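S.K.: The lines below spell out each chain.
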Amino acid sequence: MNFSEFSFWWVLLLVSVPFFAVRYGCKSLGYWPDKLDSVGLAVLSLVLFVNADKTSFAVFAFEIVFNYLMVKWMLGREGKQAQWIATALIVFDVAVLAYFKYLTFFVEDVIGLAGGVSPDWQAGFPLPIFQSIPPGVSFYTFQMVAFVVDSLKARRKRPIKFLDYVNFVAFFPQIVAGPIERRGSLLPQIQGFKFKFTAANFDLGLRWLSLGLFMKLVLGDNLFPFIQDLSPVADNAWLVWFNAFLFTLRIYFDFAGYSFMAVGIARVLGIRLTVNFLAPYTSQSINEFWRRWHVSLSTWFRDYVFLPLMGKRKSWAPFYLFLTFTLSGFWHGAAWNFLIWGAYHGALLLLLRYAGRPFSRAMGKYVKRPQIVSWAMTFGAVVLGCLFFMETNIGLLMTKLTTLVTPGAYSLGNLVGAFGQFSANELVALGWVMVLAGAFLLLEHVAVWQERPEYDLLLHPWVSRSLLGLTIVLSANIPSEFIYFEF
Amino acid sequence: MQASTDPKQKDPQPKLWTWLLAIGIAWTVGYIYNVHLGGEARWLKDLYQKKAIAARAIEPPKLIVTGGSGAHYTINSEIIAEAIDRPVVNLGIDGPVGLDVILPTMLQHVDPGDIVLLVPEYLILLDEDGLGERSGAFAIATGQGLNQVPPKQLVRDWIGIGVPSLRALVKSTSDLMTLGKFSGYYDDPLTAAGDPTVDKQRQGDWWQLAIKRPATAHAIQRIEQFRTEVETQGGELVLSLPWVYGKTNEETQTNIRKTAEALGAIAPLLYEPETLNIQSDVTMFADTHYHLTSAGREVRSQQLAQQLQEILP
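As given, the protein sequences belong to chains R and Y, one line each in that order. Each residue of the first sequence is one higher than the one before, starting from 1488 at the first, in the working numbering. Each residue of the second sequence is one higher than the one before, starting from 16 at the first, in the working numbering.
Chain R extracted, bound-state conformation:
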């Protein structure tokens, strides 16, 4: 669901107002079976999904019924039989994802490398070709796959009601872009669901929602036009770095903002979702960064790819770690730059594994506060990684990388010229966004130093209300698309 699109809130209002009015009336007369809360949630989720994207909903409707029937069949079987059903279902789910997401890339960029693909292959292909992935497929496929594995491993294989399964997979705040929830955390909250509208839930939900709205609409969306304007610049090293830095900020504010809005909306309904980001830019190592960044995806890859691949071959852990990160890069998009980005982070983790401790010891001898250096190096590495992530044009990416290693591209003329890219008003606006972003990140750092929950200061009651007020006053008037909707 696109929370920054008015259409989402409008449909939510149109469905919710009559539903909750009827519920209130029936409840006060004692004619409201609790089961209708589950039905209401399912209807709300499905209507919002149809409103978001009809194609994606059609795919989803088929997948959810098929997955439910297969899981039900699997739960009624034991041992190898159950494993075979699970394997077949996972292969099917991944194949659907691959069809929507990777088919064009595979045919044109992989087979096409050998030169054996005709330019009009799409015309002769027996299935429709999608130029962009229907929203949500990447996320709900992973949630369904995790559900299959967790159900297979569950000690008590009790059947699950269809309505509960629909609410588990289709829960509207998180279906399109996560967090990717697990059976163990979300299903118990969904089974026999009842709306828990309490003042405390409203207050906490609004605090998370305000935080997410501020990150997305004020910080992320106000950075977007600058990134777009600077993206074609490939010959000025200062600007290439600066643009990657701006993108690093934006992708966090955009995606974490979305995730926090999901947490907030779910909390208003009485559901606790996974907090998908834990102040990742406070990290002092790449290891730590990946424990704080897109938590539900990182743990998904750990539990359903890395650990099963490695099995008992612990000595091969580095190889499987690298492979897992490369695959996780590829999950983000069907393009070479995402593969490079995943491999880059895998390589960084291996570098840290083998050279991290000796480097820390050496640094500790010469530097008074090595944690600041560690933080700066980690953040710098993430910024460089973002250059791979943001640039889907491989030719332009290579030009930018060449610029970064060309000493002449760091000339004083280029530095002065960098300021000439924008008008005075644009520079002032950019300055204000940077001040707000800096203050925001500083509050995360302070919370981490004080060993509080990462967003504790930003979720303070009065800070939350101020953030909402600032969002109303400072939001970009043309919201940009959520970056992760493309994945």
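Source of the hints: derived by calculation from the structure; they are not laboratory data. The structure displayed is predicted, hence computed values, not measured ones. All clues given are correct.
Listed next, the in silico EDC-like pairs over lysine to aspartate or glutamate satisfying Cα-Cα at most 16 Å (straight line): (1) R:K1640 - R:D1790; (2) Y:K196 - Y:D61; (3) Y:K186 - R:E1913; (4) Y:K186 - Y:D202; (5) Y:K215 - Y:D203; (6) Y:K167 - R:E1492.
With the hints as your guide, set chain Y onto chain R.
M.R.: For chain Y alone, coordinates are given in the frame of chain R:
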């Protein structure tokens, strides 16, 4: 690392009204800025109100020229008034306000004996629903055409009119510091007849506009309805194709011809059949493909005056 959704500061008795207070204060600040200080809605409102005063000051029978900014920046009222011997008022507003809001707003200025010359730019004619991105803002700021905007768009625009945006605030602050006042696109002074007094300069490169479709069924139907409404009030509707700095390719010409046919079936249509009002001299255009320089407006007004003389009794 902690992954709890609950911050430490849990409020056992949260005061939910404080959320409404925060929203209310911020939205009110935004509304005041947008409608009364430096926001786009303020300049639209001022533009319309100045023109409405001009229209009221003129005794009927008069000629009302209306449409979007393409109409506002297309005429010199004095030249036309002199030629046709009746007062002229320029009631062109802004294309993105949309036909469905512009037309009912204009209707209240029509008196018996008036002639209404509608010069709609293609932006308006190609619109599927008669509403534009500024329909709601204009309706809310001026109170005109509110019932023309569908509830969904109106609710969205009511919310939006309290949201100024960082960039707008930075621009306005800079204007205050450098000019000593707020400024906006439509803030230039108008003549007594509602004509613009300043030529805007184009910053980017020019290209010739292509018209890729004929006028939509909605636009044609709405203009037809407008003719009936004008006639009911004792007025008469005349239409004109806009002058546009456009392509002269087959596609554009075909689409303009189809548009001309449809408009001509509604009311007398003023245009040059040979050129279809497609202009190739870019020096007559100011900042957009429809806005003319003052010299361009003079030429265009002489042409309009002559065409009007041919059809007026």
